[in-house]
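Read off the chains here:
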Amino acid sequence: MNPPSYNATPSSLSQHHEHHPYRQMRRAHAKRRGRILAVLAACLLAGVVLTLMLGQSFTPLTTVLRIMGGAEVPGASFTVRELRLPRAVVAVLAGACFGLGGVAFQTLLRNPLASPDIIGISTGASTGAVFAIVVLSLSGTAVSIIAIAAGLGVALLIYGLSWQQGVTGARLILIGIGLAAMLQSVTAYLLMRAPSWSLQEALRWMAGSLNGVQLEQALPLFIALLLFGGLLLSRHRDLETLRMGDDIAVGLGVRLALTRITVVITAVALVAFATAVTGPIAFVAFLSGPIAARLVGRNDSLLIPSALVGALLVLLADYAGQFLLPARYPVGIVTGVLGAPYLVYLITRDNKSRGTL
Amino acid sequence: MLTCSQKPHATQSSVVTAPTASVTRQRKKRGTRLAGGLLLLALLALALTLSVAFGARTVGWPEIAAALSGQVETIGDAAVASRLPRTLLAVLAGAALAVSGGVMQGLTRNPLADPGLLGVNAGAALAIVIGIAWFGIDETTTYIWTAILGAGLAAVAVYTIASLARGGATPLRLALAGAATTAALSSLATAVILPRGDIAGLAQSWLVGGIGGATYDQIMPVLPFLLAGFVITLLAARKLNLLALGDDAAAGLGEKVAVARAMSAVGAVLLCGPITAICGPIGFVGLVVPHACRLLVGGDYRWLLPFSALGGAVLLTFSDVVGRLVAHPAELDASIVTAFIGAPVFIWIVRNRKVGAL
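Taken in sequence, the protein lines are chains E and G. Numbers 1 to 357, taken from the working numbering, label the letters of the first sequence in order. Numbers 1 to 358, taken from the working numbering, label the letters of the second sequence in order.
Since the hints were derived computationally from the structure, they do not count as laboratory data. Incorrect hints may appear among the rest.
[Stated by the list, open to error] What follows is a set of in silico ranges between Cβ atoms, one per label pair, in the way DEER data are often shown:
# : chain 1 : residue 1 : chain 2 : residue 2 : range
1 : G       : 247       : E       : 341       : 24 to 34 Å
2 : G       : 160       : E       : 74        : 49 to 59 Å
3 : G       : 345       : E       : 342       : 22 to 32 Å
4 : G       : 141       : E       : 327       : 52 to 62 Å
5 : G       : 329       : E       : 327       : 37 to 47 Å
6 : G       : 295       : E       : 250       : 40 to 50 Å
7 : E       : 165       : G       : 345       : 19 to 29 Å
Note that the Cβ used here is the ideal one computed from N, Cα and C, for glycine as well.
Modelling step: build the complete structure from the supplied sequences, incorporating the hints.
Next comes the structure, spelled out in structure tokens:
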């Protein structure tokens, strides 16, 4: 009764699959993806090592390695360990957080424009962080917690306000822009009026900067990345399925509400933690996902590639801002000037297929 | 009973009744306009009084009267006297921004247009920062010309970006293009300012807009620009009415669309550029006021623009007073207050229109 392929012997089954073109394609695809990820990771590692070597002065690789191993090298230990290392580490961690948080939102809302820095969630987090730092005189984890609370609050507010028999992307983005404009003015006001801040410090913070970061700040960021990034990765299958549309996802057994809540909370937490340390580095969350999609293809999970791209972006932009330009600029200025043309490209691109824009 | 005059094939009876219906409607409209105008004037009087009377220092009527008649003897008199120029500036800036916003909404046929949201203010701010840092400009008149140049360039850039895509400048595209341009321009402005410790103090004025500390010396040079802006926009009001019908219809009715657009755009920039030059970016006034006034007088720009001027003056003066009272004895900048009033209205507009049809 059974069709022959069902009671085939294991050997014939495997043989059959070996020659299946789809299988082959998938395997080739996975291989290619693995290669790209490896190249990205290698670039990131190389970037970190290079930023440890290069700066105002050049430190040879061997010396860097010796210093990392714990040796004291006069004239170089301080530069590498106290100045360059914290910067590189925080750049990578914050960039990864921004990249992950951004792509999670873009995937969840199925719109490249729906990244937290455009729809106002990053602005909410940074307003919370500035309030905690300037008004409540807090520091460290307390700032992050308030930033997360503010980011979540704003996310909920945007979602609630754009609800009208469902949420359309365009309405959500517009309402986010409106709220962001309002919150931006609050942040600027708080920073400008803060007695303990000089104007230049305030400007740097608002642009997003890695100036004066300490290695101690990297630890909470690392834990946040592990915890929330891990949580996000654990739901990546559901997130992928959501791309096909809510109805199909539900049909395929995705628990919609649970997935949405988990993704929103983890993504906001990632963005907020990073924002509390570095300030809102412009457009990293917005850029990482689409760049990653270009590199590995749209049909794969973009979480890990986006994290790598985000880290690489922040690391390189920070280096460029410090040493490649005529004056020293905070990293957010570089990413802000880089990101805007891409946003313009997205706006002007001819996209008949997507009705939302 | 169908008595509407819009019916194309009117029967004998409806032709007879139509004039009476439209006359009553017009009379009703005129009544609303009159009432609305009086209401706005009353509110403006109230706002002016409050603005002169309230502030960090509590003053009595004798001191207000003394300051108004030009005698400055006590500290109270001086406090009131210093509130006069800022009140004048609030009136002027509010009126100018509101008219400018109304014109931009008509010009782009877009309910979300506002000099702040469209990045026009950011353009003016960047131009001034560059002028100060690289060209050492330090006169108010030069500031104003620079701001107008920057505002004009930014306006053209944002509108071009938004209309490049197929389907033209939808509200979403325009808002996004504005957000992108604002982000890029403020990054550039920060980049210009940061290496220059000597001019960092300027940052305050272009990041947070406000009208505190205004003097007559600052206000005087702006007046000719504002006057020109008001005259041009009022002359363009009829053209804006035609543009509202769509480009083809306007052209069919004998309007030169390009001229109409250019004229309205020049008027709008002449109004918001100089204000940004002396107040910094003040958002949402240009968005909120024309919408509120549309409820009063309808979509006719010949009425909408003067009413918006009044409404803008009321809104900004009230915002300034609220800013002084909320954070007493310190001050909250007027732009923060307008943002808090404006963002909910913005959201209301977005919610109440079909986004596709926006």
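Return holds or violated for the Cβ distance of residue 165(E) and residue 345(G) against the range 19 to 29 Å. holds (22 Å)
Does 40 to 50 Å hold as the CB distance between residue 295(G) and residue 250(E), or does it fail? holds (42 Å)
Residue 345(G) versus residue 342(E) beta-carbon gap, inside 22 to 32 Å or not: holds (30 Å)
So the hint says 37 to 47 Å: do the beta-carbon atoms of residue 329(G) and residue 327(E) match that? holds (39 Å)
Do the beta carbons of residue 160(G) and residue 74(E) sit within 49 to 59 Å of each other? Taking Cβ atoms as reference, residue 160(G) and residue 74(E) lie about 57 Å apart, which means the hint holds.
With 52 to 62 Å as the target window, see if residue 141(G) and residue 327(E) comply at their CB atoms. Between residue 141(G) and residue 327(E), where Cβ atoms are some 30 Å apart, the hint is violated.
Hint check for residue 341(E) and residue 247(G) - Cβ pair distance inside 24 to 34 Å: 29 Å Cβ-Cβ, so the 24 to 34 Å window holds.
In the structure shown, a violation is registered for the earlier hint numbered 4 alone.
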